[in-house]
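Student: Heads up: the sequence shown begins at 148 in our numbering, then just goes up one per residue.
Hints were generated in silico from the structure; no laboratory data involved.
Cβ-Cβ distance ranges computed for the label pairs, FRET-style:
#	residue 1	residue 2	range
1	Pro181	Asp369	45 to 55 Å
2	Asn165	Phe240	25 to 35 Å
3	Arg214	Ser314	30 to 40 Å
Dumping the calculated DSS-like pairs for lysine-lysine here, alpha-carbon to alpha-carbon at most 25 Å:
#	residue 1	residue 2
4	Lys149	Lys248
5	Lys342	Lys366
6	Lys186	Lys248
7	Lys149	Lys313
8	Lys342	Lys276
9	Lys311	Lys366
10	Lys149	Lys299
11	Lys342	Lys311
12	Lys299	Lys366
13	Lys276	Lys311
14	Lys299	Lys311
15	Lys313	Lys342
16	Lys276	Lys313
Predicted model, so just to flag it, every value in this text is computed and none were measured. All C-beta atoms in this analysis are idealised placements derived from N, C-alpha and C, irrespective of residue type, glycine included.
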Amino acid sequence: MKLLIIEDEAGLSESIRNYFTDAGDSCAVAYDYPEGIQKVNSSRYDCILLDLTLPHGNGLDILIHIRSNRFNDGVLVMSAKNAADGNRQALEFGADGYLGKPFHLSALRTRVMTIGRAKRYISYFVDFKEIRLDVRNGSVFVNAGSVDLSVKQFTLLLYFIDNKGKSIPMNALAWHLGEDVWLTDQEELVSFFVKSLREKLMASGCRDYISSLSSGVYKLTDG
148 MKLLIIEDEA GLSESIRNYF TDAGDSCAVA YDYPEGIQKV NSSRYDCILL
198 DLTLPHGNGL DILIHIRSNR FNDGVLVMSA KNAADGNRQA LEFGADGYLG
248 KPFHLSALRT RVMTIGRAKR YISYFVDFKE IRLDVRNGSV FVNAGSVDLS
298 VKQFTLLLYF IDNKGKSIPM NALAWHLGED VWLTDQEELV SFFVKSLREK
348 LMASGCRDYI SSLSSGVYKL TDG
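Input sequences plus hints: build the corresponding full structure.
Tutor: This is the structure we're talking about:
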């Protein structure tokens, strides 16, 4: 995904950028209102992570600028948990959600993925071979028959389809599953989710399109 972080706290901005870039996402950062407006005007993003309290301006005005120009970027407001009025105003002016500070980066990533996915899949359906995903409610169908997947299995399948034909290392899969990449059992956890996803799809009559290329590297192929 392509992200823009508008946040004046340098430590928080860098932590967020490092977290997402380690997972293969592209991240731009703005530290104040003028820089935020400049980056919003110069490119489009899957999701903009927006702090409401910025030097030289108000983050809410950036949100109004985004929506008044009919930019379709996803916007997630990051604000203090007690900023109820600001959060309500942000939603009224078109923010796609808000997350109260402080927050865990894994929770932030989950919200960003949800917003970015909704903006990217305007038709709501994602198709690959005999597989169809409905991103509105997390439903999966194989040859029109329903397949019961867990949230993490659905997330994993969508990530594979988004990156079909690409070699995906285990740490990237761990990021997108919301698992701590420093866990010693990371390989076991990822392998478990991939194996369970493949088993459920094949049990429903789907061909096995997920290949294990080497230790911890996977690829979704056309078969």
